[in-house]
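Novice: These protein sequence lines are chains A and X, in that order.
Mapping to numbering that gives the first Met the number 0: the first sequence position 172 is 171, numbers consecutive.
Mapping to numbering that gives the first Met the number 0: the second sequence position 33 is 32, numbers consecutive.
Take these hints with a grain of salt, some might be off.
The list treats identical chains as interchangeable, and a pair is accepted whether it falls inside one copy or across any two copies.
To be verified - Taking lysine-lysine and the BS3-like style, the derived pairs with C-alpha atoms no more than 25 Å apart in a straight line are:
{"id": "1", "residue 1": "Lys54", "residue 2": "Lys27"}
{"id": "2", "residue 1": "Lys220", "residue 2": "Lys90"}
{"id": "3", "residue 1": "Lys29", "residue 2": "Lys54"}
{"id": "4", "residue 1": "Lys389", "residue 2": "Lys222"}
{"id": "5", "residue 1": "Lys19", "residue 2": "Lys29"}
{"id": "6", "residue 1": "Lys333", "residue 2": "Lys27"}
{"id": "7", "residue 1": "Lys224", "residue 2": "Lys27"}
{"id": "8", "residue 1": "Lys90", "residue 2": "Lys389"}
What the hints contain is simulated information worked out from the structure, not anything from laboratory work.
Fair warning: this is a prediction, and the values are worked out from it, not measured in the lab.
Protein chains: 2
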Amino acid sequence: MALIVQKYGGTSVASVERIKHVAERVAKFKMLGHQVVVVLSAMSGETNRLIALAKEVQSEPDPRELDALISTGEQVTVALMAMALKDLGLKARSYTGAQVRILTDNAHTKARIVSIEEQNMRQDLESGRVVVVAGFQGVDEQGNITTLGRGGSDTTGVALAAALNADECQIYTDVDGVYTTDPRIVPNARRLDTITFEEMLEMASLGSKVLQIRAVEFAGKYKVKLRVLSSFQDEGEGTLITFEEEPNTMEQAIISGIAFNRDEAKITILGVPDTPGVAYQILGPVAEANIDVDMIIQNTGADNTTDFTFTVNRNEYPRTMQLLTSLQAKLGAKEIKGDKHIAKLSIVGVGMRSHVGIASTMFKTLAQENINIQMISTSEIKISVVIDEKYLELAVRILHDVFELEKPR
Amino acid sequence: MALIVQKYGGTSVASVERIKHVAERVAKFKMLGHQVVVVLSAMSGETNRLIALAKEVQSEPDPRELDALISTGEQVTVALMAMALKDLGLKARSYTGAQVRILTDNAHTKARIVSIEEQNMRQDLESGRVVVVAGFQGVDEQGNITTLGRGGSDTTGVALAAALNADECQIYTDVDGVYTTDPRIVPNARRLDTITFEEMLEMASLGSKVLQIRAVEFAGKYKVKLRVLSSFQDEGEGTLITFEEEPNTMEQAIISGIAFNRDEAKITILGVPDTPGVAYQILGPVAEANIDVDMIIQNTGADNTTDFTFTVNRNEYPRTMQLLTSLQAKLGAKEIKGDKHIAKLSIVGVGMRSHVGIASTMFKTLAQENINIQMISTSEIKISVVIDEKYLELAVRILHDVFELEKPR
């Protein structure tokens with residue numbers, strides 16, 4: 000008998016039929032003798048509907064009230080799920096974040112979990128109940144409803160698994176696991192049976208949006224066994240996220256996958272005087288404007304000047320360009336250039352640590368296809384390049400092929 | 000400066016536009032220097048939508064889960080209202096029933112309020128905030144979400160007014176007050192400036208569905224000054240519900256209004272042996288089947304038998320007939336008859352206490368129109384008759400005319 004936390008996303012509970020389908024899956028686990036905690040998102044589309052409603056009322060909705068509003072989405076699904084489970088003859092009880100008492104800080108719309116009271120859930124599980132918890136939400140010290148931000152239900156699932164010391168946290172999504180890359184681009188992309196925690200972090204942050212990055216970090220911190228599965232398929236083991244520090248390199252693939260995203264834009268500041276503090280002079284105002292920066296590169300140019308390039312989310316591109324243009328004179332920059340039509344592509348794999356030549360293979364492959372590399376950034380387990388957006392699919396396919404990712408490890 | 004509790008029903012918050020309209024009304028009261036607590040229902044149609052969803056999942060939804068589900072309706076409106084108020088530059092804060100801590104018993108779907116913690120609301124009011132509270136809902140000792148049953152938002156409004164010792168509780172609806180009768184039937188029906196608490200109780204229970212009866216009882220118990228107003232009109236004083244024990248009979252009208260309903264059905268058990276306990280033998284099983292009985296009449300018949308007639312809600316008619324038919328042999332009844340096509344009509348007025356002849360005027364008037372009276376029941380301040388449904392409108396018009404209810408007091 001195991002204690003299993005199962006998290007289902009919005010598409011898995013998008014209709015009464017799908018809710019009943021999930022209830023049947025939970026019932027199977029119960030019949031095998033497991034204790035089950037179910038964490039749910041809002042029905043797909045519901046959170047967006049509520050946010051749109053809020054914006055009709057107030058163009059920039061008050062964060063506290065927005066949290067009170069959108070938290071109703073999950074409250075609806077957990078109540079309906081508890082009913083569906085009871086309809087199958089199971090014992091079940093729904094909990095909002097406040098009812099569990101998932102205590103968070105008071106950073107509305109992006110709160111962080113501080114602690115979880117698990118006694119009531121534990122009692123329910125021991126008395127044979129399925130515990131159904133609203134994901135994405137909590138409550139602060141003052142009793143205000145908070146939400147964890149987009150994708151926060153994954154975090155709730157992992158946090159509950161940690162608090163309850165669960166045997167496994169299963170994240171059910173609309174894909175059946177983590178793939179070597181997006182199968183829509185590379186048809187013979189392969190589902191990975193396992194992926195390391197670090198690889199998953201890189202894959203998640205790079206746009207393979209299977210799992211929320213905070214959830215993966217949380218799982219790593221508390222050593223929660225995490226598995227990604229499809230809620231639309233009844234078979235399949237999904238992908239297990241492992242935490243081995245030293246993988247068996249005999250079996251370990253060098254590269255696990257290729258991640259990419261088209262959500263970024265590039266901004267280059269040319270000919271800034273190369274004095275100490277220049278990076279701060281440029282990025283300080285950007286951070287103050289609450290604009291997240293991803294890749295950053297600085298190169299020495301001619302005449303004691305330096306060129307500075309960074310990427311931001313494409314949505315923030317106009318605002319960032321405007322901001323830097325207003326700073327141009329102060330920075331003493333020669334020119335400020337921007338490009339929205341870029342894509343970031345990364346090869347990820349813990350195996351890279353013990354293999355040389357991965358980067359050069361990657362660069363050579365791209366060069367052979369005449370794909371110009373605009374930026375490069377590396378970590379121990381990944382190499383990222385920024386290229387022209389129009390070459391992205393070609394680059395992914397050719398690299399997937401060159402590194403033979405379609406072949407089982 | 001006064002402390003005013005304003006309750007708005009579902010049609011008053013049915014859309015973003017209507018929510019903004021209510022916010023503007025609240026702002027006017029704030030600008031006059033009043034402290035305002037706003038109590039809201041769910042957007043009209045939302046509670047029904049959620050109940051329908053629940054029934055799709057579980058034919059008889061679990062009461063605890065149903066409460067968790069439908070309480071989201073008010074949570075949505077209070078959050079949106081707080082945003083709308085903030086958008087007007089006011090300070091505001093929303094509360095769910097659990098956040099106020101409106102403590103109830105644990106009778107899910109029909110809970111009763113036990114106590115209300117008013118410190119936080121009081122603090123908010125003193126710091127200039129508008130307090131926006133979800134009607135209809137509370138929380139039990141164990142933290143389970145409860146609801147007060149249909150129309151429970153009125154009760155929440157009155158209960159908050161009592162707890163905060165408010166100067167007035169204003170109930171905003173889609174009518175601009177309490178009328179002498181339904182203006183759709185009698186076009187010159189008159190809005191009453193005041194109505195006594197007892198009259199209101201009779202009017203409410205008799206189908207003048209302006210206010211929930213529990214709310215009126217609550218207001219009476221705690222001497223809350225209650226006013227019914229229209230949320231669709233910007234002018235108008237509405238109808239004030241008064242609690243004077245001894246009205247000024249010089250000014251007091253004899254009859255305040257004519258109430259009626261078509262929701263009942265009549266069942267007659269003929270020729271039951273007239274022995275002690277016969278009423279219990281008949282009504283005991285009816286009560287056990289959870290069927291509410293309204294009027295009851297017992298008449299001695301011939302041959303030591305008795306005839307027994309009562310009315311039930313029309314929805315319960317088939318079930319009640321079935322139940323009694325199954326009991327016929329055991330009761331030794333000669334015949335069981337039923338009639339769905341009846342209507343109940345009542346004239347209501349505290350002035351009746353000090354006037355004789357009201358009943359006879361009523362009966363004479365109906366007789367002149369050849370309207371047969373099937374049942375009669377009276378209290379100190381009302382006379383109710385059951386008549387054939389098809390004569391209802393005629394009877395209401397003629398009695399409204401005879402008692403000159405269109406004339407101001």
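Novice: Each hint needs a verdict: does it hold in this structure or not?
Specialist: Right, here's what the structure says about each hint:
no.	hint	result
1	Lys54 <-> Lys27	between (42 Å within a copy, 23 Å between copies)
2	Lys220 <-> Lys90	neither (32 Å within a copy, 41 Å between copies)
3	Lys29 <-> Lys54	between (42 Å within a copy, 24 Å between copies)
4	Lys389 <-> Lys222	neither (40 Å within a copy, 74 Å between copies)
5	Lys19 <-> Lys29	within (15 Å within a copy, 48 Å between copies)
6	Lys333 <-> Lys27	neither (66 Å within a copy, 56 Å between copies)
7	Lys224 <-> Lys27	within (20 Å within a copy, 57 Å between copies)
8	Lys90 <-> Lys389	neither (54 Å within a copy, 50 Å between copies)
Checked against the numbered hints given earlier, this structure breaks hints 2, 4, 6 and 8; the rest are met.
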